[in-house]
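There are 2 protein chains.
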Amino acid sequence: MEETTHSGEPLYLKVARLIEAQIQAGGLRVGDRIPSIRSFSRQQKVSVSTTLQAYFWLENRGYVEARNKSGFYVRVPLEDLAPEPKFRTADSGPAEVGVGDVLMKVMRAVAEPGMVPLGAACPAPALQPYHKLNRITRSIAHSDPFHSSYYQFPPGSELLRRQIARRSLEFGCSFSAADILITCGAMEALNLCLRAVAGPGDVIAIESPTYFGVLLAIEALGMKALEIPTHPRTGLNLDALESSIKKHRVKACIAMTNCQNPLGYIMGDEKKKALVDLLARRQIPLIEDDLSGDLAFDLERPKVAKAFDRNGMVLLCSSFSKVLAPGFRVGWVEAGRYRKEVERLKFLTTIATPSLPQLVVANFLESGGYDRHLRSLRLALNDQIQAMSKAIAKYFPSGTRLTRPAGGYLLWVELPKSVNALKLFRQAIAEKITIIPGGLFSASGHYQSHIRISCGYPWSDQIDRALVTLGKLCEEFAR
Amino acid sequence: MEETTHSGEPLYLKVARLIEAQIQAGGLRVGDRIPSIRSFSRQQKVSVSTTLQAYFWLENRGYVEARNKSGFYVRVPLEDLAPEPKFRTADSGPAEVGVGDVLMKVMRAVAEPGMVPLGAACPAPALQPYHKLNRITRSIAHSDPFHSSYYQFPPGSELLRRQIARRSLEFGCSFSAADILITCGAMEALNLCLRAVAGPGDVIAIESPTYFGVLLAIEALGMKALEIPTHPRTGLNLDALESSIKKHRVKACIAMTNCQNPLGYIMGDEKKKALVDLLARRQIPLIEDDLSGDLAFDLERPKVAKAFDRNGMVLLCSSFSKVLAPGFRVGWVEAGRYRKEVERLKFLTTIATPSLPQLVVANFLESGGYDRHLRSLRLALNDQIQAMSKAIAKYFPSGTRLTRPAGGYLLWVELPKSVNALKLFRQAIAEKITIIPGGLFSASGHYQSHIRISCGYPWSDQIDRALVTLGKLCEEFAR
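As given, the protein sequences belong to chains R and P, one line each in that order.
Its first residue numbered 13, the first sequence is counted upward by one per residue in this note's numbering.
Its first residue numbered 13, the second sequence is counted upward by one per residue in this note's numbering.
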């Protein structure tokens, strides 16, 4: 059990904030060594493991860095190198989406071999537990020869649904296997949910910026996207959401509450609850995309908004694509009061989810290696984000702004106004570098000088050179 | 090379028709032994293999039966036991579909363990090449450890697309790998095609009866189904289709031209061409579902309507579900001039098709075992259809009518008017027997006394007893 304070806050957080305050007040300066774990534990009368948690928290937030065997030191704050992106409050009305054509070009480029992979949003193959997944695959092909001889009709493999239900405690829910529907990735789940709660012409409130797949799905279903200003650290602006709801007939809201794509923020619990309550009061369903919630850098797995749902109005979508293997396409949805309708739609769009990937994931979860894998994956991704952030701050023109992701592997980069991100994308392709231009993340033409950079791959000379090249390309726009 | 006559007709067919004519004229009667293969070859001056092909054709059509080691005998024609279903010509207008609720109940029953499997449309596990598929699966998991570490972005695995393109010659096409898009089964392909060519409110012309998945997809997309009278042996009535097109603004047509579900007919080449031309003249795209074309009982693989497409107006959908492994969910589509739009829709609904099943199927096709597997599967399914047909003719009340499928594993049974198929379905479930009630195959309330029976499983005492039970249940309706 984790130590907590009277207020229910984890003790390590209270301890970490002591040091955070000292750094912010200037009592500890860049290059200072902070107390050793042992001496700090003694001094604060907390356990060594609590101090360790606190120091990791400080490290994850970029306050301190561990130097080999000599302890933790206060580091140059990233803020001094590159500030965070600006928060856009300007309001836009419901818009028809038109990002499809650009997107297909981007995707074709991303899939080409030999590119520096700063485009596609997934962890490097080497960070995936492919070895164990292959072992399980071989074992199932041997011991269960008829695994694919039947359709796994909706809701899908019971073994897998039981494992997901078991894990749901981690993010504040207590699902039973019967609540879960297995899908071909979170994208299918999201489409099914959209179709279950809204129809052509309906207005869907979304984060701005948001994952382009959401925009494409809304467009293809003949719905309209209503962009809600979204803060790069705290997420959806609830005041803006509320006033938008008053102005427009919003039929549903889509939000990625944890490790948002592209901003990387995690919405606080209070805010998640407020979001759920705000929408429930107006009978507006919330489609929550928790695709990367398991990749939060905090030691504690963040809750989902669904945890605060009392009316079955939240449809929670997720997937194992970003954590285990993108090519498995195993996702799931807990659709609350829309469960039956979503299940029906699943049947009539793909009949069933492929059996073997479901069974492999179920066995992986059952075998207990999931949490161990998550721990090392999160550490690696955090390292990669830190390394890429520093390099971007160093190589990109002044005026560049950078997010501080709380999890995942994505950086959202606001470039100087002179940079045309779509042109930059084309120039980068010519240099064999893939990035995603910011315009794809808006239905209303925003983010023309933004790019999304994936930090899914371990730091390397190749990536270093690619960022130098990108920086130079950006500089040229200013001339 | 197959021997052909001057008219281009296969020689075996000409030879077979000689005997067919004799049987029909009464020159050969029930129980008569037809000439031995050797003597008939000599007499007609054709090769032994041509005679063998002719005799198989006669056997497949129920004219003769092979008796162990003693040759071929004229058998009791099925016509005398149970006539074919009536051809309904009555016209119905465009209708909103409403079969969803019943369907989900049916599917849940079909998926329950311990049921006699006359419901779900797939071949028995024992008839699938699971052993070889598992061997390939293990081998890929070993030799290509990163098989699922990436997304197989649309259009999907090139290896698999090349294999499908290679096979396309068999059904009268000459696709290149670039023409093909891999999907999560034919059902996803069908949905993508529908969304590419039509929108909410549009009228889609369909066969009547037709596969309920088609009806559900049309319903869920807010489109309307226009049922076209369909003959149990020859398929869509083109005159009826033409006059319907004149009356209603038909936006697209869906047809299963080979081994139709549920009727089992194969449309002739002439008619396929006429269908394509009729629709092309009016710029109406044809979505062709060739899911079971490989299961035609004829020695020659029937062509697809797509083979006669000169304008890219035919979108051909297919899958390996019914031939290799339903749980793999590997389908594909050649979408003609709609290729780009269908590819875009694929991306935004499921991002990618799972990698491993694609690779396993590709390797299976490459290894060359596909045709051998098809031959034995088709023989088995034909046997099963014959056995089930005889049993139904024997056990079911007089007035029962039965299709004569030209391929696949489905029987469409027209029961006496007194039978309510939905009630029969419920009673059958209570007896642990699954069937599909006919109402599911219509958007306009037809086929209330019809059922679809799957002959995917080898004949057994259990199936025999199930058919006796079903026959008795039918009798009770007449009282």
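The set of hints was computed from the structure by calculation and includes no laboratory data.
Keep in mind it's a predicted model, so treat the numbers as computed, not measured.
Some hints here could point you the wrong way.
[Said to hold, decoys possible] Heads up, simulated DSS-like pairs for lysine-lysine below, C-alpha to C-alpha not over 25 Å straight-line:
#1 P:K117 with R:K435
#2 R:K117 with P:K435
#3 P:K435 with R:K144
#4 P:K117 with R:K352
#5 P:K435 with R:K352
#6 R:K117 with R:K98
Quick rundown of the hints versus the structure:
no.	hint	verdict
1	P:K117 with R:K435	violated, 53 Å
2	R:K117 with P:K435	violated, 53 Å
3	P:K435 with R:K144	violated, 50 Å
4	P:K117 with R:K352	holds, 11 Å
5	P:K435 with R:K352	holds, 23 Å
6	R:K117 with R:K98	violated, 28 Å
Hints 1, 2, 3, 6 from the list above are not met by this structure, while the remaining hints are.
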